[in-house]
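Novice: For reference, the chains in residue letters:
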Amino acid sequence: MTTHAEHPATTGPRVGRSLGARLRGRQNQNLWFWVFVGPFVAGLVLFIYVPILWSLYLSFFSAYNTVTPTEFVGLDNYIGMLKDPSFRSSLWTFIVFAAFIVPATWALSLGTAIMVNRTRVAQAFFRSVFFIPTACSYVVASLIWKMSIFSGSSTGMLNQALKAMGSDPVLWLSVTDPPWYWLVIVSVRIWLQLGFYMILFIAGLQRISPTLYEAAAIDGATGWQQFRYVTLPLLRPTSTAVILLLIINAFQAFDEFFNILSTMGNYPPYARPPLVYLYYIALGSGQDFGNGSAGAVILTLVIALVAIVQGRIMRLGKED
Amino acid sequence: MAHSTDAFGLSRRQLLSIGGGITAAGALTACGSNTGRADSSASASGGATSGEKVTLSQWYHQYGEEGTQQAVEKYAAAYTKATVKVEWKPGDYDKTTAASLLTDTGPDVFEYGNGPTIDMIKGKQVVDMTDALGDAKSDFNEQIIKRYTFDGKVWAIPQLIDCILLVYRKSMLDAAGIKPPTTLDELVAAARALTKGDVKGLYLGNDGGAGLVGGNLLWGAGFEFLKEDGSFGFDDPKAGAALKTLNTLWTEKVTQMSQDPKDWWAADGFIAGQCAMAMTGLWTFPDIIKGLKDDFGVIPWPAGDGGKATVTMGAYGSCVSARSKNVDAAKEFAKWLWVDQTDSQVDFATAYGYHIPARKSLIGKAKTLQDGPGKDAADAAFAHGHAQTMMLWTPKCQTAFSDGMTRIVKEGADPMKEIATMKPVIEADVKRVLG
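Sequence lines, in order, name chains A and B.
Going by the working numbering, the first sequence opens with residue 3, and the numbers climb by one from there.
Going by the working numbering, the second sequence opens with residue 599, and the numbers climb by one from there.
Take these hints with a grain of salt, some might be off.
As the list claims (entries may be wrong) - What the simulated footprint calls covered on chain A by chain B, stretch by stretch (three residues with Cβ under 8 Å from a Cβ of chain B suffice, anywhere in the stretch; the number is not a length): (1) 92-101; (2) 170-183; (3) 218-225; (4) 238-249; (5) 277-286.
To be verified - Quick list of in silico lysine-lysine cross-link-like pairs, BS3-like style, CA-CA up to 27 Å: (6) Lys-165(A) to Lys-860(B); (7) Lys-687(B) to Lys-842(B); (8) Lys-1029(B) to Lys-85(A); (9) Lys-672(B) to Lys-687(B); (10) Lys-777(B) to Lys-842(B); (11) Lys-85(A) to Lys-794(B); (12) Lys-165(A) to Lys-851(B); (13) Lys-1021(B) to Lys-165(A).
No lab work stands behind these hints, which were simulated from the structure alone.
Backbone N, C-alpha and C define an ideal beta-carbon position, used for all residues, glycine too.
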């Protein structure tokens, strides 16, 4: 026969526990929760939430060369930025850029995923080959593209190939007609990002049961029809996630644009995405934190709006 | 039920938490205190005590010429009244310095291209240097001093003067029977005539001169960026026609040349014979002399219709941060080096590439500027020097102008339309800094 004294931890009176013990939770659960999560939360608050809120605060002030401004201007900064033709054209630039790069990357990564998935020989090798560029720094890749492959001087890689074929060298990054710089930027971006989305699609493809393909084949579906009626619909959750990530990434494009097109503190007015423009206004010699923050808030709202609309269109989260 | 314990009577859990704590403490100490920045606590405590030397930090951008870093460290080490720590900043110096001035860990003394910006002055980030210049003010180049002046005060001490001017291959011009151009039309004609095969007539930068010679074209047509009262200075069809010249040269491929990854600030293409004429900086002359000996001449950018020939002049100015903990000591050091130490100034201006000393009385002491192309350049700068930008010309004005220039040169945009687009932006920002 057991006595209460043998199990004091589970049956002893609770009323004697101190406030500290209650806060720490049973078996100090709460304490350990904060020990593990605390550093991450502290970093999140200090480096993400505080700057966002401070930025929001700055956007309502006239803040030149200071992050502790005193002159309240209300919505003037927002109106100024929306009226600024350069800011509007940068928003237009990245809408066009996103409208092109998102479907292109989606299609290319899906195509690559299907091909890699079907390979019988050395499948792991091909997966790695396409995925490795993801580990490459955007800055390094941009500089290689700019200085070596697409260098405008006659010693650049592509220009030497053109010379061997008897053509004149092309100033890839200097001419605007035709706008070769888009080729440079898009190619470096696709090279860097293809592998990541390909892996997501491979994971999605491998979740499709082969019996569905067999059933479709029995019904007489050919390769293209199988793709259209079996693969695509069952890849919808993956597709939605991939497109959402691509859109957000496209709107945040900065590294490759800045490193490829900027020269000695200047940036040309074409192919200038909003983040690059805001960088020069606020963080460059402009030091205009009021307008820069207003622009950043406007950009955030646009991204949020597009993400919500895209989610609604593709019915994110709903069961099919 | 007791937890398992080791020899010290600690439970496993207690042992792990102590070990974790030691590791964390060790990791934090490994962060160390060598931030690379001057120890500000020492200068804070030693500020007012006599006999104790303050520590000042001095920032420079990464000069391209060899030996410059050792030279400035030598000058700093020679200063006895304080310990000066020189920091050599690679990368985008203007932006990192601007950002650091917002904090307490910025420099005490620092150089800034063409002096501090007007927003830095109005935001009280820099200190008035007029009394540091003192009587020597009249010995400095007037254009540069005017560039550094706002509200009747001078806000930086010029360190040395850089020039951008036209160089041309004597042999190529002689072979084509062309004399060195003295007007803009002659320059255009010469550039066209000298564009043969792979050789381009005129190299103005990878962007066809959009970023480099816009100012020269305006000054050559008799206009300035801003008038004396700050109003917009070039809303005129003649200015538009002058700017259009660059587009003509670009579309005819006369100026379409690339020196990737370098740009107009290097003379590699000129030395290699890829272009007959180039607009480049005085600092490239050692390389040009080495490569071409005396097969090159120097001329200012020629005058157009109604203006003057110009040599673009810029100067890094030594400024003192208002947030420095030792403003007076920093100002004293800047004065000592850039006003009093004339030997160091001549050394800095001439021993590492060609530059022009900021003090007029020192030009005679500069050996490199006494004969040959150095002398031609110094004479041209003296006769035709024009400051690169103006005090009221804010970075926003510069962005609007260079956007318009790029569109005019590369996309063939109508210059008058581009001027009409940039005018309200520029006027609004000038009004903001004046008012």
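Novice: Using a Cβ cutoff of 8 Å, are there at least 3 residues of the stretch 92-101 of chain A near chain B, or does the coverage claim fail?
Specialist: Three-residue rule not met by the stretch 92-101 of chain A, so violated; n is 0.
Novice: Are there at least three residues in the stretch 218-225 of chain A whose beta carbon sits under 8 Å from a beta carbon of chain B?
Specialist: violated (count 0)
Novice: Verify this for me: three or more residues of the stretch 238-249 of chain A with a beta carbon less than 8 Å from a beta carbon of chain B.
Specialist: violated (count 0)
Novice: Taking only the CA atoms, is the gap from Lys-1029(B) to Lys-85(A) under or equal to 27 Å?
Specialist: Roughly 18 Å between the alpha carbons, so the hint for Lys-1029(B) and Lys-85(A) holds.
Novice: Given the hint that Lys-165(A) pairs with Lys-851(B), does the C-alpha gap stay at or below 27 Å?
Specialist: holds, 17 Å
Novice: Hint check: Lys-85(A) vs Lys-794(B), CA-CA at most 27 Å. Holds or violated?
Specialist: It is violated: about 47 Å lies between the C-alpha atoms, which goes past 27 Å.
Novice: Has the given pair, Lys-165(A) with Lys-860(B), been kept, meaning a C-alpha gap of at most 27 Å?
Specialist: holds, 21 Å
Novice: When I compare C-beta atoms, does the stretch 170-183 of chain A have three or more residues closer than 8 Å to chain B?
Specialist: Held - the stretch 170-183 of chain A has 7 residues with a Cβ nearer than 8 Å to chain B, which meets the minimum of three.
Novice: With a cut-off of 27 Å on the C-alpha distance, tell me whether Lys-1021(B) and Lys-165(A) pass.
Specialist: violated, 44 Å
Novice: Need the status of pair Lys-777(B), Lys-842(B): alpha-carbon distance at most 27 Å?
Specialist: holds, 24 Å
Novice: Would you mind confirming whether the straight-line C-alpha gap from Lys-672(B) to Lys-687(B) stays at or under 27 Å?
Specialist: OK: Lys-672(B) and Lys-687(B) at ~17 Å, within 27 Å.
Novice: Given the hint that Lys-687(B) pairs with Lys-842(B), test it: the Cα-Cα distance must not exceed 27 Å.
Specialist: violated, 38 Å
Of the numbered hints stated above, those contradicted by the structure are hints 1, 3, 4, 7, 11, 13, listed in ascending order.
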